[in-house]
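Undergrad: One letter stands for each residue in the lines below.
Number of protein chains: 2
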Amino acid sequence: MSDQSTTVAPSVPPPPPTGPPPKVTNRGRTVAPTASSNFEAADVPEFERFDVAGPRGPGMPSLAEYLDIWDVDMLKKPDESNKTNHHTSLYQSDYLIVRRGQEFQIKITFNRPYKLAEDKFAVEFVIGSSPQFSKGTYNPVFPTKERQTSWSGRITDESDNVITMGITPAANCIVGKYHMYVAVMTPFGIRRTKRENSRDLYILFNPWVSADAVFLDDEEERKECVMTEMGIIYHGAYDDISERNWNYGQFNYGVLDACLYIMDRSEMPIINRGDPIKVTRQASAMLNSHDEDGVLVGNWTGDYTYGVAPTSWTGSTDILLTYASSKLPVCFAQCWVYAAVFNTFLRCLGIPSRVVTNYYSAHDNDGNLKTDILLDENGRIDRNRTKDSIWNYHCWNECYMSRPDLPPGFGGWQVVDATPQETSDGMYRCGPASVNAIKHGQLCFPFDAAFVFAEVNSDVVFYSRRKDGTMQAVKVDRTHVGRMILTKAAGDMTRRNIIDQYKFPEGTTEERTVLEKAEEFGCKREKSELPVADVDLILPTLEISVGDNFDLSLEFVNRSDQQRTVDTYVSGNVVYYTGVNSSEFLFRNPTVKIGPNNSVKEVIVVQSKNYMRHLVEQANLNFIVTGKVKETGHIVSVMKVITLHNPKVIVEVSGGGRVNEEMMATVQFTNPFTITLEDVYIRMEGPGIMPPKTKYYSLITGGSSLIWTEFFTPHRPGSTRVFATLDCPALRQVFGEASVTINP
Amino acid sequence: MSDQSTTVAPSVPPPPPTGPPPKVTNRGRTVAPTASSNFEAADVPEFERFDVAGPRGPGMPSLAEYLDIWDVDMLKKPDESNKTNHHTSLYQSDYLIVRRGQEFQIKITFNRPYKLAEDKFAVEFVIGSSPQFSKGTYNPVFPTKERQTSWSGRITDESDNVITMGITPAANCIVGKYHMYVAVMTPFGIRRTKRENSRDLYILFNPWVSADAVFLDDEEERKECVMTEMGIIYHGAYDDISERNWNYGQFNYGVLDACLYIMDRSEMPIINRGDPIKVTRQASAMLNSHDEDGVLVGNWTGDYTYGVAPTSWTGSTDILLTYASSKLPVCFAQCWVYAAVFNTFLRCLGIPSRVVTNYYSAHDNDGNLKTDILLDENGRIDRNRTKDSIWNYHCWNECYMSRPDLPPGFGGWQVVDATPQETSDGMYRCGPASVNAIKHGQLCFPFDAAFVFAEVNSDVVFYSRRKDGTMQAVKVDRTHVGRMILTKAAGDMTRRNIIDQYKFPEGTTEERTVLEKAEEFGCKREKSELPVADVDLILPTLEISVGDNFDLSLEFVNRSDQQRTVDTYVSGNVVYYTGVNSSEFLFRNPTVKIGPNNSVKEVIVVQSKNYMRHLVEQANLNFIVTGKVKETGHIVSVMKVITLHNPKVIVEVSGGGRVNEEMMATVQFTNPFTITLEDVYIRMEGPGIMPPKTKYYSLITGGSSLIWTEFFTPHRPGSTRVFATLDCPALRQVFGEASVTINP
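Protein chains in written order, with the UniProt record's numbering: chain A, 1 to 744; chain B, 1 to 744.
Errors might be hidden in some of the hints.
Copies of the same chain look alike in the list, so a pair counts if it works inside one copy or between any two.
[Unchecked claim] As a list, the in silico DSSO-like pairs of lysine-lysine whose alpha-carbon atoms are at most 30 angstroms apart: (1) Lys387 - Lys527; (2) Lys327 - Lys648; (3) Lys223 - Lys76; (4) Lys695 - Lys640; (5) Lys177 - Lys640; (6) Lys601 - Lys524; (7) Lys76 - Lys517; (8) Lys467 - Lys115; (9) Lys387 - Lys640; (10) Lys387 - Lys177; (11) Lys327 - Lys135.
These are calculated hints, taken from the structure and not from any lab test.
If we strip away everything but chain A, and leave its shape as in the complex, we get:
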């Protein structure tokens, strides 16, 4: 017994085998791989022979005597009752599209009249590659009057060889594309129709039915948040609001398939696709390209050479169709592009949704309710050490659903956000977070409520940094962040401020209680009681166009009975909408004396030549004024973003005005600058009437003009807009629009 024996062979281990390792499979781990593709189908046999023999022998009927199916009519024309009743007529699709929990009709033609007592058949609805009755991926529907557990069927009409069958999918069934079969039971086995593409159907979420988790009991909101393609997204500054038109295009040809492809691409199990919580959470991850090669690549650098500038898009259709065909992330997006395309996804699947804009949105704070601004001992901002930023605005989505996973009271609007955040639970996704939970500080519930709470409730804390590196809080601004939340009003083109759904009014008892509640769940706040200066600093609201010189008038108000002297630092910066500074173009440090109970204006002249060459795409100027009151040592400060107004393109629509009559849209633009604009793209589209169109101009010299004309034929009536963007590296965010009403 030793390892010298010839029968035991110790040796140097062999080198590892060469070549790629074998693909690790599910063998030994799961019985079947999880079905996660809606476009892979199972093989369903045309004839399923029974193992146990049925009646046989002489005198027994032959297979030929059983019911045979000659034809199935899905009743899928846009003007047939299925599509009108289910609010799906607008989808440009060759297939039947219905909503769950609501009856639709199909017509089946047999080889002979159907005999209730003798003939047994089922209409089968199958989704994904692993159909199972208990998972909801295989759903047989029988013509019966009994109440069935989930899917139900009944015969609504019979004539000759033809029956009309009403089918009601379960109100919580999987959403996606199903295959349909008709199966006839015979004693020999099941005889089934062949797979035929034309009988495929889409089943969507149904906000019109109370049993559906996305039920929204308000027809005007439903029309807006499910059926409306025309979007308005707000940006700019809270006191100088700008609008951006967007064509959600959720009914456009190919968009529905693209939305299903997004879920397939994320390998989301088919069986989870009936749950709007899971669908929206997964989609918030998939709309950005992080982690899973999702739809949109974020880019905030100003260099969009290798894609389309975020400011240039006019709608979601191009983006979704490009993603579905190229199977590669689309370049480039910023927050409103993520929110707009996410909105298309949600409305297309039937989940009520809207895009909202939060003005002064705190970011990357990771549930810590503070944005830090560091000043040196004299009150001047310390640019090297100030690393937090507040976005001038940030767009996200709200979607409407019940929340059975939470205690009662947290259903309704939910925040989801597809813009990749740095620190939302280590992942690039956010939500659904109950808006009501955010309002009440109930941050213990999934998903990411604390993160959204911080976006609307953070304090801005000014610290004075001592020479030894320690810091002292000198001022807390509790009202700067989350100033206003805007969304398009249902049913018209106006805006609506919904901040009251996120916060109780500033200064109320409820507001204080909520902040205390939030702290219980770990949100940290600056709580020092800080001395309030008796000097106020006020900056005016200004509307300025790009290229203008203007006066910035600082008002100093002394509320004390003594004279006050303020050593003031005025810093003018070009900023991205994310609050990140590009460069400082103006610096002044006046010393201002104010008599007792008096006020003084200090005028700063801002010249366009100083800021023009620094401008980044959204042309925001951020003024930060800080100062130290000599007599008291108090720090005063005020910040203001001024959004410079860009030139516009002029869009005009003429001719026609009726369905199927040709119309003309023209875009006009005059380069108002002395510089030549190069590599200019103009994009134009019109929700419901004009698909996306693009025109390229290699150069537009200073002062020159262009006119671009396109013809189009509207195919449906209604009020809408045609709008255009102009985009080039030197000038972005140029918009124009025309309202159009198409008569029937």
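Start from chain A and add chain B according to the hints.
TA: For chain B alone, kept in the frame of chain A given last:
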């Protein structure tokens, strides 16, 4: 004015530029990239000149007159009080390792005696590439008696030029590797010590201090769950438990750095690394290779050619060091490997943790409390359609911490699971989920509580499938899943059943209430009241060795006053521990008649030749017996896993028995089979006394034996084990061990 003008140039858009697109940066999005590497350091200047001039002119002291630092002694030897007081003496490391919230000492030698009134200095602790006071990544500590907000310092001893300073890091400070500097304030600026590696220190979580979120107020548990390297992991079947030894090795050289590397690799922001909730959640994602190239590649196929078989590992050290040096995922793992390496990670960083084993663990159920078994109309199992499986056992981790993000009552033990699950929130990570929340059905709180709840509470539902494809539930087994949860007892080598921490006893009112609560949060259960058969079916508990023939005796008990006839189907299957069937090696269908109030035994002879060639690695046989009672139509069924016992290796330790005396370990093995074993690896290690060792044998012929001898020298006293595994494609899961006590 037209686009024919030479100054406006419409044209075909240029082709996209060639070459790779530029790397998208953070420019315009965030001020600074998020620091997420513990091994990248910021440049801290040696002299930081003040912008504003200090006192100057004749008569002013020169820089030379200010305090200068000659030496800093970190007092980091294993037997010095820092390491003994902080329970870090066992770490094999050249650096100081301390725990947060608890004072440690350093000695600073100046160029002259320190003068309290005149000299100003700070000891600075810096972590990551973007040090900021307000983020806790830059922490200056002054020698003061004032209470400081977070980190504090005091002078504990002074003699000549040397002071001893006591430093207490904040009890919630970031965990990781810090750099230390001493900074002296002068009127000219800050004079700082050079970066010197030897002054780096690690700060860990501290379960001994009540202010730390991981405080565990039980010395015996703390010793087990933080300090113990010797692990026992349970597997096998709930009525025939097997043990596996594991060396967590959390104090071994390089392991702590490997754990920090794991967080760096996941790009976890440095500022989140003081929060045990975030650290454990991130780690549960990073321990598996899905999504982020994490530590371990899962493989359940039985083919481990390209790596180490999961059954072959003896400890975590090899795995962690390989990952940190190769920066590639390590092959291969199954659940206990994930749990064991995760345990090392947690204990190494100071978070109390243990590995637990759940017997009959329901999987891939996605919060749906049902595992479906499909029978045909006659009661025979339908293998093609039964797609759910129940793991014979599943291992996960519990870790101990407060949960400030949840309402009171949910702190304490938390489930985290690093084994990649299919459907935990779309991601391959799970937890932390409060054990107490699981017990009380409070599934609305993060993270993944519903998923873990299903693992221990699912019902097994037997369906009878009708010919038309519909299904009817015929039997529900509510007690099969989550039969027992075992973990190693604190302080000794015995096991402890902690199922009462997860569930109220079967049949109690509390249990029913909890299940109802869980249903409120969306867990679906089979609720039909099903008829109970009056015939019981009982399978015996058997202990069988691989290669044995044995009798399986089925007992039929008739509890009625009439005769009963049961058409029975007995199916014997080789299964993976995941409950997935490899192949059916036995099938019988006896018809059994039982007299009124009588019982009958039906004996099935199982021959090894039938199962041997099908065996997969853990050699489990699963018997499913189903039957239909002719007289009543009721379905009866019973399932049982029989774990075949493998041969063992014999480990013997001799000689020495004292610290620093050489000892000898021998491994003996005899191949009990007639076949030759090829490509055999034997691994051996001993927690605290022997590093991992491996021996390779190209072949061991049938009946032959081997002896392998290794010498080792223990460096510390205590009771421990030396254990070995033997592994080859034809035979896995062969273990052996020897207990050893080392005297001082």
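Undergrad: Work down the list of hints and note, for each, if the structure agrees.
TA: Evaluation of the provided hints:
1. In the homo-oligomer, the alpha carbons of Lys387 and Lys527 lie at most 30 angstroms apart inside one protomer (21 angstroms), although the nearest pairing across protomers, at 56 angstroms, exceeds that limit.
2. Taking the shortest Cα distances, Lys327 and Lys648 never come within 30 angstroms of each other, neither inside one copy (35 angstroms) nor across copies (53 angstroms).
3. When the C-alpha separation of Lys223 and Lys76 is checked against a cutoff of 30 angstroms, the pair qualifies only within one copy, where the shortest distance is 22 angstroms, while the shortest distance between copies is 70 angstroms.
4. When the C-alpha separation of Lys695 and Lys640 is checked against a cutoff of 30 angstroms, the pair qualifies neither within a copy, at 37 angstroms, nor between copies, at 71 angstroms.
5. For a Cα distance limit of 30 angstroms, the shortest separation of Lys177 from Lys640 qualifies neither inside one copy, at 50 angstroms, nor across copies, at 40 angstroms.
6. For a Cα distance limit of 30 angstroms, the shortest separation of Lys601 from Lys524 qualifies neither inside one copy, at 38 angstroms, nor across copies, at 68 angstroms.
7. For the identical chains of this complex, Lys76 and Lys517 are neighbours neither inside a copy (53 angstroms) nor across copies (43 angstroms), given an alpha-carbon limit of 30 angstroms.
8. In the homo-oligomer, the alpha carbons of Lys467 and Lys115 lie at most 30 angstroms apart only across protomers (20 angstroms), although the nearest pairing inside one protomer, at 94 angstroms, exceeds that limit.
9. Taking CA atoms no more than 30 angstroms apart as the test, Lys387 paired with Lys640 passes inside one copy only; the shortest distance there is 18 angstroms, against 61 angstroms between copies.
10. Within a single copy, Lys387 and Lys177 get their C-alpha atoms only as close as 48 angstroms, which misses the 30 angstroms cut-off; across copies the closest is 23 angstroms, which meets it.
11. Taking the shortest alpha-carbon separations for Lys327 and Lys135, only the intra-copy value of 29 angstroms comes in at or below 30 angstroms, while the best inter-copy value is 40 angstroms.
The structure fails hints 2, 4, 5, 6 and 7 (numbered hints given earlier, in ascending order).
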